[in-house]
Amino acid sequence: MNKDIIWLKIYTNGYYNLLLKLNDIGITILDNKKYKDYILIKTSYKDYERIKKYLISYKIEIYDSAGYLKIKDIVKKYRIFIMGLFLGFIILLITNNLILKVEIKSPNKNIQNLLVSELKNYGLSPLRFKKSHNKIEKIVENILDNNNELLEWLEIKYDGLVMIVNVTEKTNNEENKTYDNCDIVARTDAKIASLNIYRGVALKEINDYVLKDEVILSGSITFNDEVKNSVCASGEVYGEVWYKVKVTVPFKETVVKYTGKNRYNLKLKINDDEYQIFRSRIQNKKEKKINLYKLNDFEINLIKEREYVEEDIILSEEEAYNKAISIAEEKIKLKLRDNEEILVKKVLKKQVNDSTIYLEIFIVMKENIGVVKVVEGVNPNDTQSDPESIR
Amino acid sequence: MKNLHFREFFKNFLYDLNNFITVYENHLHVYNYQKLNKLSSTEIILTLDDKQITITGDNLKIKQMTKQELLIDGVILKVEFKYE
Chain H
50 MNKDIIWLKI YTNGYYNLLL KLNDIGITIL DNKKYKDYIL IKTSYKDYER
100 IKKYLISYKI EIYDSAGYLK IKDIVKKYRI FIMGLFLGFI ILLITNNLIL
150 KVEIKSPNKN IQNLLVSELK NYGLSPLRFK KSHNKIEKIV ENILDNNNEL
200 LEWLEIKYDG LVMIVNVTEK TNNEENKTYD NCDIVARTDA KIASLNIYRG
250 VALKEINDYV LKDEVILSGS ITFNDEVKNS VCASGEVYGE VWYKVKVTVP
300 FKETVVKYTG KNRYNLKLKI NDDEYQIFRS RIQNKKEKKI NLYKLNDFEI
350 NLIKEREYVE EDIILSEEEA YNKAISIAEE KIKLKLRDNE EILVKKVLKK
400 QVNDSTIYLE IFIVMKENIG VVKVVEGVNP NDTQSDPESI R
Chain W
226 MKNLHFREFF KNFLYDLNNF ITVYENHLHV YNYQKLNKLS STEIILTLDD
276 KQITITGDNL KIKQMTKQEL LIDGVILKVE FKYE
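Residue numbers (our numbering), protein chains in the order written: chain H, 50 to 440; chain W, 226 to 309.
The following block holds chain W by itself, in its conformation from the complex (with noise of 0.2 Å):
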């Protein structure tokens, strides 16, 4: 996830977006998040540019982290946006 600039720079130019969240079967995976505001088993916050997201679910844990990318993993029921 770290080297693969390249393929991010392309998919930022195909999909024009600063950041995206990605839900897959028991995973998550989020683009660009400034920051992880809160973690724990039930519910991840994290910030991304003007808006905060919220995801709750059961068993929660993280896959895989870099400085701009998140795999979450566990049974996600619901992924909730604030805007500011």
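Extracted from the complex, chain H is given alone in its bound form (with noise of 0.2 Å):
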């Protein structure tokens, strides 16, 4: 197939002349339209060439051109426009994947002077393009194995043309720091259920009952009276803590379902102002944002439009009644931490409503009611201690 393919104008009254000529010369045409004053004529290019050479008495002229030739001659005439189009492509590639600022989130200069020639190194540095995200891992991965006595975790995020490193620096473990002479108080009323003793002595037993700052585990050795040695006590001190959770559950309750139907559309975010580009047909949705392209406070977001609708349910007492336990244990459970749990859930008043029921739930936990107090006053020099042997 030809690509060339054009539409000519021949400028004549004598149809059937023209047409018996262009046979004689042995052009191919595969279209032809008739005016009153030209024809015209579809044929190729390379055809077009040999009617110029032989019909130099007709005025001819190139009235369009199809396939090939067509798309040559759309890029020729939009040549600004598509240029423009490319050249903002490559600036916003560029815009997009440039780093214009690193920023190390580190108050110690060491720590910052380190890290920035490392990046460096690395390639990561200002007016330097971005690296993937299994680059940087490597890279992360790389600068702590090298400094791994000076830096505890690192972590490199993009925001914008901004390179934001987050760090931490090794210190001294402040957390296993130890007392020189301190308790295990009780840290609310509670009925003791377990005692592990680690260090000190014990005030109290199991099924004791304890009330708040009262002291389960003493950091003071006492023989006849006498504080004979002073330690830091420690131990796990689990109670049963009560716990009294009141709910009120509507019968009616509200449910949104989602329909299936899903719209996208784009939002432009200049400074705090957002722009929807396409109107919207949904009624009632719920969006989800990603972000496409973020420059300072520019941002342009892929928006999916969810619709949903609302739809009423009609709870029965009895369906009523455990929403509302289960979101009293809900409640308590927010609160359990390792080795906790909930021994006894008991309904102590119920109160049902024309539209709600109410519930008042007495609740049993088996909590960690152990915290340290520390005993001021003692010298430190005085304080040494064997565990072994006070147990």
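Keep in mind that the hints were calculated from the coordinates and are not lab data. Any given hint might turn out to be false.
[To be verified] One side of the interface only, derived from the structure: several residues of chain H facing chain W at Cβ under 7 Å: (1) Tyr65; (2) Leu68; (3) Leu69; (4) Asn72; (5) Gly75; (6) Thr77; (7) Ile78.
Idealized CB from N, CA, C, for every residue including glycine.
Hints given; two lone chains; assemble the complex.
And the structure:
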């Protein structure tokens, strides 16, 4: 197939005469249209050159092009627009992938200088291109390996054109700091459920009731009412703690259901103002935002709009009751830590109204109730202790 | 038309003809003509091997044309063969 197909405009009144002449010189005519003063002939560019050569008495001009020539013409006609678009795309790519500033989040100047030079070695400095996520992960790993005595943790992330480096230095572990003399006291009123003593003297036993701030394990070792030695008491004290939870659940509940109808939209964010590009056709929608481009205070976001409908559900008394119990449990479970559990739950009061159900639930929890309380006014030099002998 | 030699080869092979004319409603297709002798809105005269063909009609026009083939458009009234 010839790609260079064109429409020729030949000025003549003699349609049949012209066609005979074109036939004589062996021109292929793919289509033709007859007008009053001219004829349009669809032929190849190669034949156009033959026509120009042999039919010199006719006024011939190219009327339109098709196929490859048409594309060539369009590119020629809109070359400035196409070049602008191309340049704009390149600038967009560059601005999206360039690092303008490196921000190291550390007050320590030495760490800052160390990281600047380390990052520079891996090509991460201002006016250089950003690296992919995988490369960044490897760079972080290498920097941490090279400086494992100084750096504890390192994170590199991008915020527009700024590369942010979050770093944590290695420091002495404060958590393991021990006091010279301390007691374990009750955090709250409770009944002691279990006692594990690592160091110190137990002043209470299992099943004893304790009040808040009452000493359970003492760091003062006494003999005949005389303090012989002082240590920092340590141990695990679990106690039964009582809670009263009040929950109100309405019988009528509104549930959000997604219809499965999704639409995509674009949003521009300039400073704090947001501009939606396309008109949204969904009435009730929840939006999910995906950031496509960010440059300082300018953002382009792809928005996924999910249509939903709200449905009212009427709960039976039993369903509302069960829901209230589970809400109370959830509330309590938020407080739970390792080895802690709910021991007992009991409904103290149930009140059913027209539209709600009200429950008061009594819950007993097994909780770690021991907290360290430092005993002041003791000379640290006098408080050397041998934990094994104290137990 | 120009580049469908492969198709024409099979046509020739199947028909075993050097040339042929196909008449459609308001169209006439001539394959492998030698010369276009006359062309007007009412009469077209062609030479095909040993015969001359005269197509008579109204508002006759050449729709497509190559060195071998012609597609004539218009009201075709009569096709005449004259053997030399």
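Hints, one by one, checked against the model:
1. Taking 7 Å as the C-beta cut-off, the interface hint given for Tyr65(H) holds, the closest approach to chain W being about 4 Å.
2. Interface hint at Leu68(H): satisfied, since its Cβ lies 5 Å from the closest Cβ of chain W, which is below the 7 Å cut-off.
3. Below 7 Å, beta-carbon pairs count as interface contacts, and Leu69(H) has one with chain W at about 5 Å; its hint therefore holds.
4. The beta carbon of Asn72(H) is positioned within 7 Å of a beta carbon in chain W (closest approach about 5 Å), and the interface hint is therefore held.
5. The beta carbon of Gly75(H) is positioned within 7 Å of a beta carbon in chain W (closest approach about 5 Å), and the interface hint is therefore held.
6. A distance limit of 7 Å between C-beta atoms decides the matter here; for Thr77(H) the minimum to chain W is near 5 Å, and the interface restraint holds.
7. Proximity of Ile78(H) to chain W holds as hinted, the smallest CB-CB distance being about 4 Å (cut-off 7 Å).
Of the numbered hints given earlier, the model fails none.
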